[in-house]
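2 protein chains.
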Amino acid sequence: MDCITELAGKGAAARQAARRLATLSTAVKDKALLAMADALEQEQAEIMAANATDVERAAANGMAKPLIDRLLLNEARIASMAAGLRQIAMLPDPVGEAAAGWIRPNGLAITKVHVPLGVIGIIYEARPNVTVDAAGLCLKAGNAVILRGGSEAIASNTAVTAVIARAAAAAGIPAAAIQLVETTDRQAVTAMLKLNQYLDVIIPRGGAGLIKTVVENSTVPVIETGTGVCHTFVDASADLVMAGDIAFNAKVSRPGVCNAMETLLVHKRIAAAFLPALLERYHQAGVELRGCPEAMKYHQSVRPASQEDWAAEFLDLILAIRVVDDFDTALAHIAAYSTRHSEAIVTSEYNNARRFQQEVDAAAVYVNASTRFTDGFEFGFGAEIGISTQKLHARGPMGLRELTSIKYLVNGSGQIR
Amino acid sequence: MDCITELAGKGAAARQAARRLATLSTAVKDKALLAMADALEQEQAEIMAANATDVERAAANGMAKPLIDRLLLNEARIASMAAGLRQIAMLPDPVGEAAAGWIRPNGLAITKVHVPLGVIGIIYEARPNVTVDAAGLCLKAGNAVILRGGSEAIASNTAVTAVIARAAAAAGIPAAAIQLVETTDRQAVTAMLKLNQYLDVIIPRGGAGLIKTVVENSTVPVIETGTGVCHTFVDASADLVMAGDIAFNAKVSRPGVCNAMETLLVHKRIAAAFLPALLERYHQAGVELRGCPEAMKYHQSVRPASQEDWAAEFLDLILAIRVVDDFDTALAHIAAYSTRHSEAIVTSEYNNARRFQQEVDAAAVYVNASTRFTDGFEFGFGAEIGISTQKLHARGPMGLRELTSIKYLVNGSGQIR
Numbered sequence: 001m002d003c004i005t006e007l008a009g010k011g012a013a014a015r016q017a018a019r020r021l022a023t024l025s026t027a028v029k030d031k032a033l034l035a036m037a038d039a040l041e042q043e044q045a046e047i048m049a050a051n052a053t054d055v056e057r058a059a060a061n062g063m064a065k066p067l068i069d070r071l072l073l074n075e076a077r078i079a080s081m082a083a084g085l086r087q088i089a090m091l092p093d094p095v096g097e098a099a100a101g102w103i104r105p106n107g108l109a110i111t112k113v114h115v116p117l118g119v120i121g122i123i124y125e126a127r128p129n130v131t132v133d134a135a136g137l138c139l140k141a142g143n144a145v146i147l148r149g150g151s152e153a154i155a156s157n158t159a160v161t162a163v164i165a166r167a168a169a170a171a172g173i174p175a176a177a178i179q180l181v182e183t184t185d186r187q188a189v190t191a192m193l194k195l196n197q198y199l200d201v202i203i204p205r206g207g208a209g210l211i212k213t214v215v216e217n218s219t220v221p222v223i224e225t226g227t228g229v230c231h232t233f234v235d236a237s238a239d240l241v242m243a244g245d246i247a248f249n250a251k252v253s254r255p256g257v258c259n260a261m262e263t264l265l266v267h268k269r270i271a272a273a274f275l276p277a278l279l280e281r282y283h284q285a286g287v288e289l290r291g292c293p294e295a296m297k298y299h300q301s302v303r304p305a306s307q308e309d310w311a312a313e314f315l316d317l318i319l320a321i322r323v324v325d326d327f328d329t330a331l332a333h334i335a336a337y338s339t340r341h342s343e344a345i346v347t348s349e350y351n352n353a354r355r356f357q358q359e360v361d362a363a364a365v366y367v368n369a370s371t372r373f374t375d376g377f378e379f380g381f382g383a384e385i386g387i388s389t390q391k392l393h394a395r396g397p398m399g400l401r402e403l404t405s406i407k408y409l410v411n412g413s414g415q416i417r
Numbered sequence: 001m002d003c004i005t006e007l008a009g010k011g012a013a014a015r016q017a018a019r020r021l022a023t024l025s026t027a028v029k030d031k032a033l034l035a036m037a038d039a040l041e042q043e044q045a046e047i048m049a050a051n052a053t054d055v056e057r058a059a060a061n062g063m064a065k066p067l068i069d070r071l072l073l074n075e076a077r078i079a080s081m082a083a084g085l086r087q088i089a090m091l092p093d094p095v096g097e098a099a100a101g102w103i104r105p106n107g108l109a110i111t112k113v114h115v116p117l118g119v120i121g122i123i124y125e126a127r128p129n130v131t132v133d134a135a136g137l138c139l140k141a142g143n144a145v146i147l148r149g150g151s152e153a154i155a156s157n158t159a160v161t162a163v164i165a166r167a168a169a170a171a172g173i174p175a176a177a178i179q180l181v182e183t184t185d186r187q188a189v190t191a192m193l194k195l196n197q198y199l200d201v202i203i204p205r206g207g208a209g210l211i212k213t214v215v216e217n218s219t220v221p222v223i224e225t226g227t228g229v230c231h232t233f234v235d236a237s238a239d240l241v242m243a244g245d246i247a248f249n250a251k252v253s254r255p256g257v258c259n260a261m262e263t264l265l266v267h268k269r270i271a272a273a274f275l276p277a278l279l280e281r282y283h284q285a286g287v288e289l290r291g292c293p294e295a296m297k298y299h300q301s302v303r304p305a306s307q308e309d310w311a312a313e314f315l316d317l318i319l320a321i322r323v324v325d326d327f328d329t330a331l332a333h334i335a336a337y338s339t340r341h342s343e344a345i346v347t348s349e350y351n352n353a354r355r356f357q358q359e360v361d362a363a364a365v366y367v368n369a370s371t372r373f374t375d376g377f378e379f380g381f382g383a384e385i386g387i388s389t390q391k392l393h394a395r396g397p398m399g400l401r402e403l404t405s406i407k408y409l410v411n412g413s414g415q416i417r
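Chains as they are written, first to last, in the UniProt record's numbering: chain Z, 1 to 417; chain H, 1 to 417.
In case anyone wonders, no lab produced these hints; they're calculated from the structure.
No experiment lies behind these values; they were computed from the predicted model shown.
It is possible that part of the hints are untrue.
Chain copies aren't distinguished; within one or between two, either way the pair holds.
[What the hints assert, rightly or not] The calculated SDA-like cross-link candidates involving lysine to any residue, where the alpha carbons are at most 20 Å apart (straight line), are:
(1) K112 - A236
(2) K194 - V215
(3) K194 - G244
(4) K112 - A98
(5) K65 - I211
(6) K212 - A332
(7) K194 - T219
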């Protein structure tokens with residue numbers, strides 16, 4: 001079967017399934033999520049055996065150690081995937097929630113309610129846990145999902161999908177609610193990006209290259225996730241102890257994620273008092289420092305930053321540092337280089353806090369806190385399918401409600417126009 | 001200047017303008033809207049002169065009369081455009097409106113506020129009033145707009161845009177807030193659809209062909225508007241007088257718009273009691289009737305409906321009629337042919353009303369009212385930029401709030417993770 005035929009078949013089946021899924025009660029969906037969690041644990045031997053073939057092939061192909069580690073499934077990771085599903089079962093169901101309601105002068109009663117999006121395509125890279133996570137979130141919000149994972153994890157993803165889809169079906173969920181694209185042919189991605197007839201949205205989860213490919217080629221609506229060139233601006237009025245802790249945390253606590261800081265901006269009035277100790281702290285923590293000429297004065301390890309460094313998402317223990325003349329220069333720098341993900345100011349001036357939050361265009365704009373909080377769990381959503389860096393539909397951390405659309409219910413008594 | 005250079009220049013200018021627009025007060029924006037309205041009336045001679053060249057060229061090219069009428073601007077139409085702007089000035093400003101706010105256990109205060117989308121591209125056909133309407137709505141919601149109208153109206157659109165942009169600038173709005181693509185080269189549309197760097201969203205307004213071109217070729221996020229294959233299902237329990245009025249209104253009151261009914265579904269149990277009088281009423285009103293074999297029994301003017309008729313958006317005094325065996329057949333017909341715009345049931349059974357609203361997947365689902373109410377004004381939004389038939393971002397009538405995105409303001413006291 002060629003991949004266009006496979007995709008069209010899966011798309012049509014998903015569309016049918018979505019029609020039923022939209023009307024299932026929360027109780028049925030939650031029971032299915034718990035059954036999926038149990039099945040993952042009960043059938044972990046099957047899953048680990050499949051995963052072993054992926055890991056062996058990856059090792060034989062010379063895949064780098066950290067990537068092999070990301071691919072690996074063991075008992076603890078399977079238990080964590082199951083725990084994730086149980087947590088999703090505990091969350092409130094967004095479907096049916098009324099967003100607004102009003103009565104028009106002619107008596108028409110209008111209610112705006114949340115409904116499932118329909119069929120969601122997820123294109124992701126080699127972490128098999130995304131398979132379970134995405135399937136669980138899409139199911140809870142009443143959506144059918146078509147999953148396309150990386151070829152490196154195909155055996156793992158196939159085994160995991162078989163286990164959870166079987167458990168879900170036994171619990172009353174339509175069989176086509178959770179489907180995996182089985183071919184590893186790259187043409188399948190191309191076909192998926194043009195599957196407007198069956199897909200309501202595609203969410204890419206992975207590196208910048210994957211996201212770029214999806215955004216540039218998809219005619220299905222896309223929710224762009226991920227890239228974070230996040231800044232922290234330490235204003236002249238900042239509490240320098242607080243600023244140091246925030247700036248250190250934002251870079252070092254988990255440098256490989258999208259909400260980590262990539263560039264530190266420091267007001268020149270406090271640079272001499274602030275930077276030497278902080279830069280030494282970074283240096284001790286193994287952070288590679290790249291700065292403007294002014295920043296280089298404050299620590300011997302600072303190398304000159306290139307033009308590219310200001311725009312780079314390092315995702316690593318590398319930091320760009322710029323000393324700025326004033327507040328407006330900081331805002332202009334952020335406007336020029338931000339990917340509109342998360343931006344922070346550390347300040348004690350009310351008016352600077354206010355202006356920063358008003359003028360900086362990003363999904364999350366922080367005053368006196370680390371950018372690392374941009375996350376569905378930290379925001380209290382109880383789940384996260386990704387962090388949107390676009391402005392349409394969803395922006396910032398996406399929880400279950402962001403996996404829904406709306407519908408207007410209009411109730412009349414014979415109104416005509 | 002080639003069109004790619006023109007678009008990139010306008011895009012960059014719009015992005016700059018958007019940064020300032022996002023921080024302008026409602027008072028400044030409203031003052032500008034009123035000034036734009038005044039300018040349209042004061043400079044109507046200039047606008048009508050430009051319009052005359054469009055109309056003459058259209059007539060010379062043999063454009064059909066109704067299309068020439070749509071193109072024509074006279075004093076009354078210019079006054080109506082001005083009135084539209086004054087009405088937008090009266091509406092509440094969605095920017096800054098808080099959608100939600102909460103405090104996390106660690107003390108972080110999170111507020112979700114509405115912010116402008118940024119830069120909006122509007123691609124539309126030959127009605128010059130769209131120029132004013134779209135510019136006014138985008139401005140009120142704090143967005144920069146790049147307008148691309150049809151080549152038939154280029155002189156009118158150029159004159160209108162010059163007048164309103166000049167008035168807006170004099171009232172303190174950035175000059176690049178309202179821009180028109182000046183070339184009529186079709187390549188400009190292609191370039192616009194790939195202008196991801198500068199455009200946050202493209203909204204096409206026009207016929208099915210235009211919308212298809214935009215959806216299939218744009219890499220900028222699109223809000224799909226318009227196509228409405230709307231059904232009215234007259235259930236066996238319907239009040240037949242009410243059902244007749246609703247069905248007549250939905251087809252005849254304004255057949256050329258997207259919320260008009262295209263197919264009438266009638267439960268077979270009441271077909272004999274219901275259809276003869278209604279079909280005669282349609283016939284008297286000049287409606288061409290195309291039906292299933294069963295429907296053909298009830299009026300001599302009913303011609304056989306083809307497979308294509310069930311999927312057709314006639315936008316004309318043409319109606320497809322199908323007699324269905326039961327409620328489920330009606331739901332299946334709607335699921336198969338609906339464009340998910342507006343669907344109605346006329347019924348007196350609670351459970352059928354409930355199931356219809358739950359199971360039918362459309363932007364607006366009516367019980368005992370005409371589908372013709374799907375409209376931003378009729379819904380009480382006070383304005384309408386279009387009716388979305390997609391599920392992402394906005395669905396159904398789009399008012400000012402649908403021209404915004406959101407932003408999370410996160411206020412802390414030194415929180416780190």
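Evaluated hints:
When the C-alpha separation of K112 and A236 is checked against a cutoff of 20 Å, the pair qualifies neither within a copy, at 47 Å, nor between copies, at 28 Å. In this assembly of identical chains, the alpha carbons of K194 and V215 lie at most 20 Å apart whether taken from the same copy (12 Å) or from different copies (10 Å). For the homomeric pair K194 and G244, neither the shortest alpha-carbon distance inside one copy (48 Å) nor that between copies (42 Å) is at most 20 Å. For the homomeric pair K112 and A98, the shortest alpha-carbon distances inside one copy (6 Å) and between copies (18 Å) are both at most 20 Å.
In the homo-oligomer, the alpha carbons of K65 and I211 never lie at most 20 Å apart, since the shortest distance is 24 Å inside one protomer and 48 Å across protomers. Taking the shortest alpha-carbon separations for K212 and A332, neither the intra-copy value of 25 Å nor the inter-copy value of 38 Å comes in at or below 20 Å. Taking the shortest alpha-carbon separations for K194 and T219, both the intra-copy value of 5 Å and the inter-copy value of 12 Å come in at or below 20 Å.
Of the hints listed earlier, those the structure fails to meet are numbers 1, 3, 5, 6, in rising order.
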